[in-house]
Amino acid sequence: MYPAMTPFLAQSEPWISFDVAGLAEQFWNNTVDGLAQGGIYALVALGYTLVYGVLKLINFAHSEVFVVGAFATWLTFYVLGFRAGVTPELSVVEIILFLGIACVVAMAVSGGTAVLLERVAYRPLRNRNAPRLVFLITAIGASFAIQQTLRLIFGLNQQPQIRLLQPEPLFRVFGATVTNIHVILIVAAVLLWFVADYFINRTRLGRGIRAVAQDPDTATLMGVNKERVIVITFLVGGLLAGAAALFYMMRIPQGAIYNGGFLLGIKAFTAAVLGGIGNLRGALLGGLLLGLVENYGQSLFGGEWKDIVAFVVLIVVLMFRPTGILGESLGKARV
Amino acid sequence: MSGARLTRVLVLAAAASLALGACAARDQGSSSGDTTGSAAAPSQAADAANPRGDGNAVCSGVSIAYAGTINGNSAALGQNILRGADLAVKQHNEANPNCQVTLKQFDTEGKPDKAPGIVTQVINEPDILGVVGLPFSGESKAAGNLFNQAGLVAITPSATNPALADNGWKTFFRGMGNDAAQGPAAAKFLTETLKAGKVCVIEDDSEYGIGLAGQVRDALGSKASCSDKVKTGQTDFSAVVNKISAESPDAIFFSGYYPEAGPFAQQLNDKGITAKFVAPDGVKDAEFLKGAGAGATNAYFTCPCVPEDNFTDFTAAFKQVEGADPGTYSPEGYDVMTVLLKGIDSGVTDRAAMLEFVQNYDGQGLTKKFKWNDKGELADTPVWSYRVENGKIVNNGQIS
Amino acid sequence: MTTSTVSAPRKRRFLREQWNNLSRPAQWAILIPVVVLIYFLPVLNPPLIATTGTDFPTAMFDVARYALVAIGLNVVVGQAGLLDLGYVGFFAVGAYVAALFTSPNSSLAKLPYLWTLPLAMAVTMIFGIILGAPTLRLRGDYLAIVTLGFGEIIRLVADNVDPLRGQSGFERVGTDADGTPFFANATAWYWLTVTIIIVVLLLVGNLERSRVGRAWVSIREDEDVAEIMGVPVFKFKIWAFVIGAAIGGLSGALYAGKLGFVNNQSFDVITSMLFLAAVVLGGAGNKVGVLLGAAVVAYLPLRFVQLAEYNYLIFGIALIILMIFRPQGLLGARQRLLARGRQAYQRLLGRGEQISGESALAADTQGGPR
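Chains as they are written, first to last, in our numbering: chain C, 1 to 335; chain Z, 336 to 735; chain U, 736 to 1105.
Simulated from the structure, these hints should not be mistaken for lab results.
Ideal Cβ positions, reconstructed from N, Cα and C, are used throughout, including at glycine.
Treat the hints with caution; some may be incorrect.
Coverage of chain U stretches by chain C, computed from C-beta distances (three or more under 8 Å per stretch; other residues unrestricted) [unchecked claim]: (1) 845 to 854; (2) 872 to 882; (3) 888 to 894; (4) 1051 to 1059.
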């Protein structure tokens, strides 16, 4: 195996490797981990994609909406009485109950933050017909503001991690160990995506969203309340981000740190574009794909190439499919 | 000097206990078999330099600066040092009513690209006669020549990269051993105490991490059979963990800082990897324990810092004055600040005189004997190991 | 819909018209004392403006390099309307070129520092072409994410590829063979940068008034129409990208020389966002406006560095508020399709200055973004 041959090359390690053997060996492990991480990306990407579809706005502050949800999760666990370093003995029912409570709280807090963001930062700009670039800068400003507020409240370091559920291996797939956390994450992410998809495609409110995304003026003429639709879009995006935050905290309990959302937000946005921005299926596909590609890339090229692989894949895909893999969007991507 | 003799005794005791420990049965399942348990932490040397001095010092309008991370990357490491230095200054000022030294703080956030700007600021304040800092190797490298050009003494209490001393900076002084001591010591700890036949060396992308990993790999030779890299800020280590799981090493050496080490150790633990997790001084902090959770139970640390368990006066004063427990490099920060304070007490009023004072200084501190060679390195550079017990980091014996 | 873009406050328009009605020599007569004042700022150390927590000449240099970057980014985003979120990549390339050719840590041949400035510009221009050629076909927000990716790739590649030394970085950048830095103090660097800014402003201003500038304006306003009207859109987009890249690279090389240390940590996404904020704050499309914007973005955090805890919080809130109350930037973009185009247009339509169209800069008069 390649790694075994490197001891005497330790001095002059190549800065990139092509460890095909390692990739093949870790393939299924990476697939399982990639899907779990990808599920989180997909849920956050849904938020980006919905807001973009309706408003043609890249909501850079969405990563902060996510991180607020992570803190809310942590606080919920803390308030419920769980503490760091102590693994509680809970029955399955209790676990589901507590996780459910945390999920609801996280979703509510994230959703609330998203709506607040819209109300405070974006609505005044919309009312003034500000150019699109200005929204971007406001998003950056809001991102700074929320991050720094979290930092002032919670401090610089990761919150001590509280874990309700220890990862237990459940079964094996082609040699890869699948833990309960993996299963919960993947299943829940896909389920939530179905719920979001149903909401957008089958309900009246969802139809309103699609109408506003396609043509705001005609939608208004047809009796759709544009302002309400926009608020609901932000809310739904926030709810999904809150759920993603809970899953993220289950997977990486050290995630409650004030700048923990930033890189993940960029990755999620990349995933959204990869799949086709404004496209719900694209968000799911892009998220899962990104999670997989990152892990495969790490095994193939070495751990430090993880992020680069993600961006290179994005650029290559956009070269061949300029509107993302699945292309078509909620309304139309701005061209 | 009794300090040197004490050290010699301790080294002998450590060596003896290492031998004993190595023979002890390892299948007790707990970590007690891997300790050099009977090597006790050194006691407070009777002639350790005391910042209080003789109480008759006279000075005015002088300051000493702390430059390093306070609110930035791996802030806990910087804050430990700052508190140690602050304690020394407070004790000094309390005892010397005619000489009140100001401690000025400058936050570089631990970043090499911010450090030069901050250091320029420090240099431009004429009342600053000496600097305790910079705590990290990367930023020391970036800003060291500025100190040299300005002739301003900078004693680093924690930057371990050996190459820093080779730049010809006459103002550079190191308050503890460097990675050329820590690396081989870590390798020795891994092979002799932990009896690891196969070690995975994981490095991050910092100057410190890469340098130390290189030293450890060299010292381990063929035992370092697998390696991988992680990035600052990374939280998801699944691919690396999977690789390590396939390799099944006896021990893992993580060369980096605690914000990454915490989640990494936990994810290793989640995967069911029972290999020992060994990490250097950049990880040895309570924040790592917070971040690693259950993954910290089979964690060990190496550090060129001296355990302060038996520095009872120091620890008590620290808790009372600073309101926190001493951490990694707190005693070193205290010692280094004491050296500078001694300089002020001896009548130094400008930077050149302070530089000369430090160059010629020969005295015992809490942690070790301080006498620098012309490169700014100490002769006496012990490396200690630590383990985790009951959720706290405890002394595990001296390695070298 | 509110139409706040239709009429700027009367006083400001009055000033703007007054300024435009002055003859060129009269404009110079006012400008020159201002420029002299700017030169002497670090020497004068004015009491309120001088930064107390950090070195004032260094702070002024930081403002100046932000200003230079803002001019370059203005060409890309403001003039040509290409949303570039990875501009820090060009800045990084310029800095690394300067580092690679002057630092003792690099294995390349050493060059005198001044030679690395045009070299940095050349290399960055090549990168601009490499990035632009495949991606400028993308529109709008896709270009944004691709340029963001490019900026990140540069930073990460610098971390992974050993010769570029990641976080270890290059020391003693900008020093000559025996180690003396190019300029001893920050004030000299500041003066060099301000001089370069003035030269670049003149050049860019000339470009704006030329065929190239008009082509950019037409691309910004409506790319498809421009293409139909025979403007070689792709070629001029590449021009904009390359010129913007060159200016960014130049600023990066200056930064590297002043700081003396280059590693990959200063070239992150946040810096890109701050560059963009400088441009938009000042008024995208207005090259003097972006100087003001850069001054705000670079100067404020340094001025209030004692409020270290609250620094960025205040900055973020300030950005939000400024954008709400002045979305067109401090000095809104001006448009000159013809020499007297704006006046003619105003008279024709009987209303005030209007920026219409679908571009990123366009105010939406159609009832919300679509």
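Would you list, in rising numerical order, the hints stated earlier that this structure does not obey?
-> Violated: hint 1 alone.
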